[in-house]
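Okay, so the sequence shown: first residue is 8 according to the numbering used here, each after it adds one.
Derived from the structure by calculation, the hints contain no laboratory data. Treat the hints with care, since some could be wrong.
What follows is a set of in silico ranges between Cβ atoms, one per label pair, in the way DEER data are often shown [unchecked claim]:
1) S174 with I148: 16 to 26 Å
2) K138 with E21: 35 to 45 Å
3) E17 with K139: 14 to 24 Å
Glycine is no exception: its CB is placed at the ideal position from the N, C-alpha and C atoms.
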Amino acid sequence: CHDCGAILEEYDEETLGLAIVVLSTFIHLSPDLAAPLLLDIMQSVGRLASSTTFSNQAESMMVPGNAAGVAKQFLRCIFHQLAPNGIFPQLFQSAIKDGTFLRTLATSLMDFNELSSIAALSQLLEGLNNKKNLPAGGAMIRCLENIATFMEALPMDSPSSLWTTISNQFQTFFAKLPCVLPL
Numbered sequence: 008c009h010d011c012g013a014i015l016e017e018y019d020e021e022t023l024g025l026a027i028v029v030l031s032t033f034i035h036l037s038p039d040l041a042a043p044l045l046l047d048i049m050q051s052v053g054r055l056a057s058s059t060t061f062s063n064q065a066e067s068m069m070v071p072g073n074a075a076g077v078a079k080q081f082l083r084c085i086f087h088q089l090a091p092n093g094i095f096p097q098l099f100q101s102a103i104k105d106g107t108f109l110r111t112l113a114t115s116l117m118d119f120n121e122l123s124s125i126a127a128l129s130q131l132l133e134g135l136n137n138k139k140n141l142p143a144g145g146a147m148i149r150c151l152e153n154i155a156t157f158m159e160a161l162p163m164d165s166p167s168s169l170w171t172t173i174s175n176q177f178q179t180f181f182a183k184l185p186c187v188l189p190l
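Could you put the whole structure together from the sequences, leaning on the hints where they help?
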């Protein structure tokens, strides 16, 4: 690096794809060891998922076999695997350093049948609504900011039946907010 003097390393698409597969295997086989690193792993892979190989390539276009495609599939599989364990409420309450991660996650899940981006939002709201007490103060403000960022990337052409469910969940969620937000 010209700025800091650190040694920069470059890897080809195949090596990056295989590294992501190794990360996926690590998370699947040793979830207890992977748990403290999970947010950093997902954000790093998310940066790869949002990268484009060609200047004319759309962000939502997935080229099979390239590192960005493998990274998107990694995000899909990990979130599908961890969704029953309440990953979405935990994720949205976290301090996410990468400002594009939630948008990348939403676009990665957009055309995934097993867990769409709308279903992820629904699971998030369901998880928050099922809590006896919502997180207070700054944690809730961070959660609301993350929800807003995620929703900016949601497809607006989703079936209205899905939005009806989301609206009802938001109504329940918003009713609980005055108790935990600072004045």
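So, going through the hints one by one against the coordinates:
1. Distance hint check: the CB atoms of S174 and I148 are about 22 Å apart, consistent with the given range 16 to 26 Å.
2. A beta carbon spacing of about 43 Å between K138 and E21 agrees with the range 35 to 45 Å that was offered as a hint.
3. Hint check: E17 to K139, Cβ distance near 50 Å, so the stated range 14 to 24 Å is violated.
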